[in-house]
Every structure is written in structure tokens, then in C-alpha cells.
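Residue numbers (UniProt numbering), protein chains in the order written: chain A, 1 to 330; chain B, 1 to 330.
The hints are simulated quantities; they were obtained by calculation from the structure and are not laboratory data. Hints may be right or wrong, so weigh each one.
Same chains, same names: a pair is fine if it fits in one copy or spans any two.
[Claimed, not checked] Cross-link-like lysine-lysine pairs, in silico, PhoX-like; alpha carbons within 20 Å at most: (1) LYS214 - LYS89; (2) LYS65 - LYS27; (3) LYS175 - LYS214; (4) LYS106 - LYS65; (5) LYS116 - LYS106; (6) LYS65 - LYS32; (7) LYS299 - LYS27; (8) LYS116 - LYS175; (9) LYS89 - LYS116; (10) LYS116 - LYS57; (11) LYS241 - LYS299; (12) LYS89 - LYS175; (13) LYS299 - LYS214; (14) LYS106 - LYS32.
Number of protein chains: 2
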Amino acid sequence: MELNLPEIRSRSIRCIVKLGGAAITHKNELEKIHDENLEIVACQLRQAMIEGSVTSKVIGMDWSKRSGSSEISCDVDDLGDQESTEFSKFVVVHGAGSFGHFQASKSGVHKGGLEKPIVKAGFVATRISVTNLNLEIVRALAREGIPTIGMSPFSCGWLTSNRDVASADLSTVAKTIDSGFVPVLHGDALLDNILGCTILSGDVIIRHLADHLKPEYVVFLTDVLGVYDRPPIEPDAVLLKEIAVGEDGSWKVVNPVLENTDKKVDYSVAAHDTTGGMETKISEAAMIAKLGIDVYIVKAATTHSQRALSGDLRDYVPEDWLGTIIRFSK
Amino acid sequence: MELNLPEIRSRSIRCIVKLGGAAITHKNELEKIHDENLEIVACQLRQAMIEGSVTSKVIGMDWSKRSGSSEISCDVDDLGDQESTEFSKFVVVHGAGSFGHFQASKSGVHKGGLEKPIVKAGFVATRISVTNLNLEIVRALAREGIPTIGMSPFSCGWLTSNRDVASADLSTVAKTIDSGFVPVLHGDALLDNILGCTILSGDVIIRHLADHLKPEYVVFLTDVLGVYDRPPIEPDAVLLKEIAVGEDGSWKVVNPVLENTDKKVDYSVAAHDTTGGMETKISEAAMIAKLGIDVYIVKAATTHSQRALSGDLRDYVPEDWLGTIIRFSK
Chain A
1 MELNLPEIRS RSIRCIVKLG GAAITHKNEL EKIHDENLEI VACQLRQAMI EGSVTSKVIG
61 MDWSKRSGSS EISCDVDDLG DQESTEFSKF VVVHGAGSFG HFQASKSGVH KGGLEKPIVK
121 AGFVATRISV TNLNLEIVRA LAREGIPTIG MSPFSCGWLT SNRDVASADL STVAKTIDSG
181 FVPVLHGDAL LDNILGCTIL SGDVIIRHLA DHLKPEYVVF LTDVLGVYDR PPIEPDAVLL
241 KEIAVGEDGS WKVVNPVLEN TDKKVDYSVA AHDTTGGMET KISEAAMIAK LGIDVYIVKA
301 ATTHSQRALS GDLRDYVPED WLGTIIRFSK
Chain B
1 MELNLPEIRS RSIRCIVKLG GAAITHKNEL EKIHDENLEI VACQLRQAMI EGSVTSKVIG
61 MDWSKRSGSS EISCDVDDLG DQESTEFSKF VVVHGAGSFG HFQASKSGVH KGGLEKPIVK
121 AGFVATRISV TNLNLEIVRA LAREGIPTIG MSPFSCGWLT SNRDVASADL STVAKTIDSG
181 FVPVLHGDAL LDNILGCTIL SGDVIIRHLA DHLKPEYVVF LTDVLGVYDR PPIEPDAVLL
241 KEIAVGEDGS WKVVNPVLEN TDKKVDYSVA AHDTTGGMET KISEAAMIAK LGIDVYIVKA
301 ATTHSQRALS GDLRDYVPED WLGTIIRFSK
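This is chain A alone, in the form it adopts within the complex:
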């Protein structure tokens, strides 16, 4: 993989956060943001980022007109003597949820074939939908005073080769972080050397960023409490609280202690979330954990997500914390 990474490892990124599509959109309603969740997520993110520094006034950074309003809300006249808030370095990546999915599946963008008019049109339509979501998330975080910068992987020069990341220039992401901003990336439609085009998921983007930015920890915010041993709507579903990842990338559930401990790896088949996307998530999370980076999969907009975002779980996991920790274990 071609990379352009001037000294990124020294930058000390604290956390990469995935805002799961299911957590920040209404999955069953086309292009509808889950405003209540997103507002709480933004507030929790801000808290986590300024932890330890003096809590200062929120400086709203979305000075655009709100939908249906003709006025701009911008209360900056008293900012002259405001102290700069110190934010620790976070990167945000979000999924698509009910944005982009219709456009991509209708046209088959993920399967490639840009020479077909419907795929080309679907590529454009998918990017419009996901960049629209990106803008709304950037605005929501900016309203909470988080200095966010939307960055599409397509525009940043990410390319795939038969669906694998072939090149990903992270130098702009790194410069953005170093300048005190929070890059907000997203799952995107990309050009592919072999297929013409494809879709790169937010989970794969997270893994690549984690691999090269080496954050202290990674948090996946989702719409269920964590990873279960079967679809969480089933009555006997058990929340897997801790998964250990070995040097060879294999993983096993270490908490709770399950009966059939011999069939450890079978959980990779049994583990689900409501969207069926949990398997990819676990496998991507396991690859991140293998780098020595703790991964927390947790329900968005809860006290559990607040604890995960704060990083406190690295030292001590309270008994009442609900979520899944995926850790490297020698």
C-alpha cells in the first residue's frame, strides 16, 4: 500500500471514534438523521475531548442558516478574549445508515462497472447522499463546539484495488489534526483499479486509520449494547463483555465464561447485530486490537458510551459497564 505519512506516529492521537450508521440515522427511514442521538453523541464527544482541561463555554462553530430559518445563529461578538479550549486529538469516522444505502444497492456501485450508465449515475448519487450526511454530522459536532472538518476519502485520494485499500494519503488528515481540528471521514464510494469503483465501509477506514495513526483506543458507537453471541433480539442472547485477540489474529470470548469454551472461534459465526454488520466489525476490531489498541463496541448516547469515550476503561472496567471490549492478549 502506497502511503504518504510524514512522522505520523509521533502525533499522539487519543481516540478514533466510529459513529455507526445505525446509531446516528433512522435506519428504516430514508435519509433521516437521528437528531436526538447525534446531539447526545456530540455532547459526549466534547466532554471526552476536553477532559482534564478547564471546561470553557461552548463556542458554536456552525454559523449557517438552519433549515427553515432565514437567520444565522452566531454569537461570536464576545469571543475576543475567550481562552482557547484544549481538545485532545480525536478522529471521527461515520457510517452511512439510511444515507447512500438505497443509491448504492439500487445501482450496484459496490460491484463496480463504471462503464454502465446506471453504475456511474449510482456512484454520483451515492456520493451526494453520503456527503450530505457528512455535512450534517460536521454541523452537529460544530454546534457543540468541536472544531470539525469534513473530509471525504474520495477527495483525500483514497483508492482501492479489488476492494482493498490501494492508496490512502493520510498526510492531509495528519495536518488537519495537528492544526487542532477533528477530521470527520465516512464510508464512501471510491474508484477501484480493478473493478472501476466500489464502496469502502467506515469500519475498514477505521482500521486503516488506526494502523497508521496509532490512537490510544478506538470506540465503535452502535445501536445495541455491544457484541452478542446471537442476534440481540433473541431472548437468550448474551452480551460478550470481553474478547481477547491472539497474535495470530484469532479471538476468543473471555468474559462471560461460556459453557462450550472449546468452540471459541465459532462465535465469529454466531455473533450478530441487527444489521448483520457485526461480523465485519468484529474482524476489523480484532485487527485493530492486534496492534495493541483497545477497542470498545458500545451503545451510542448512553452512560456506557460516555465511559468508553473518556478512555477510563483502559485502567478499570466497572462491573456495571455494558459493552464489548476487544483487547490484544499475548
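With chain A held as given, fit chain B onto it using these hints.
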């Protein structure tokens, strides 16, 4: 200037088009798009791009919900056997108009100083506003069947050094064009090596793109007929129909033949548009013309802009064409 340009000169870009902020937004109304103009501009662009190829059905490429609607408009089920439309290679750059301006001037982003909370907030707010406009323009062109891809200079890795472009990776722009898409860039807030941050105007972006992509011609769509010898609202204002640019970059009006022909260069001071931005435009246009690329400055959404976009003016300029041509002259 650092550049990453694999063989771009062989790509045969037909035209770079500037959509002036004054032409596509209501300049005196905050964040308000000039929908009627934008629709005509999109239609004229499509006509110019498919000229010479068989006119096929418009395939709308914005399959997102329209504001106020809960339905997606996507009529793609009959696309299976649709022939691919051949588009000639265009690049679009737009200005900000009534987007971004309030945010930038309120905070002084153009003057730099990211360490100040108000500048940092203004940087975020400015980018939100201009990327919002970018999305709306991409959507308008996509509805007209133009396969547009929004690309922010910030995300593409453009950086300035004391307001001059210091690096601009055009490889992603080039790959996007080669894949049959139309990149849509825009004036943007950027990081600056010396100042911390600044604003890079669409006109400067056009010049850099022209310098490296070597299009056949460049069209500036604006809100007045062209360049005048004084503010066009003055009753005696004369439209300058042709300006010749010399090898040293100096320029003179060759049509109409003006009385005081000795004071040729003085027109650089006298020439204005309603926004006061015409001087930058002429000086950027003169630098493009010096490369041997014809530049047309013309009123958007008129028969004159249609003619300029088609490229026909390179061979013959009809007497009744109204606009300003800026050409290299040995």
C-alpha cells in the same frame, strides 16, 4: 510548488468553467442559491459537454430526498439498456457568493491566526457554509445528468504559504476526470504554512488548474455581461469585448478601439464589476491567456454564455455576441 501530476497534459481537458458566486447565489441574501440561474447553467453545461455526441435522455444522478419531500426521485429502472452518454472533459469551480462570506469576514479567517478561538471557529463555520454550497451545486448539475463529484481543495490537500498556493495535489482531480466524472471544486478555507490559515479564491484555483490541466478554453460565468471600463451600473460604461495579453503579461483592450489608447494599462484600475472582484478576475484571466488558453468572461444563463461554453468562439466570434474575450497575442 509541489505537484503530483502523472502525465496530466495528455488528458485533453476541454474546458474549465467558473461559476461565479454572484451568478449562482443571491448575493444580498444570506446562503441563498439562485435556483433559476443554476438550473439554466446546468442545462447549458450539459449541452456544451455532449455537443457532437448523440443527444440521449437525461439520466438524473441526484437520488436524494429533495427538501420538504419524503420521497426519492429516482427513475433508473429503465436504465439497463441505456447507452452511455459521451461527455467531453470539463472541470467546474465555483465561488462562494452569499455562502461563506459572512463566516469568513466575521472571523477574519483570510488573515490567519488559527490560535485565536474566533478564527478557528470561523474556519470551521466557513468550510461548513462553502461545502454546503458545493453540495447543492453538485446536486443541481447531477439532476441535469452531469456526473459531478464534489471535491474540496482542503480535502484534496491544497495548502498555501503566505496566501500563495504551496502544494496542490491534482492527481485525484486528474483520476476523477479520467474516470468520466466532472470534478466540482470551490473557493475554500485552507491551512497556510505561514499564516496558519487563509481563504483561497475560486479564481486563483482556476488559474492553477488551467496551468496544469491545460484546457482548450476557460469560461467565467458572472452576473454582468463581461468586463467594463468602469462600474457597469454607470450609464457610459463600455463593455470591453476583447483584451489582448502580451508575453510579459501586460494587457490592452483591442475591441472596442478606445480613444485614449495610450493609457492602455490604466483599464486594470478602471475595470470593475458590481462586486469589486473584477480586477482579480482580469489579472488571473490574463495569466491564463498568457498560457495560450482563450478566456471568456460572460453573463451566466444567457445565449452568450451558451456560445462561450460550446467553444465555438474559438473559431468565430459573431458580431452580436456580448462578453469579454481575453486572448494571448504575440
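Tell me the hint numbers this structure goes against, listed in increasing order. When the structure is compared with the hints, only number 13 turns out to be violated.
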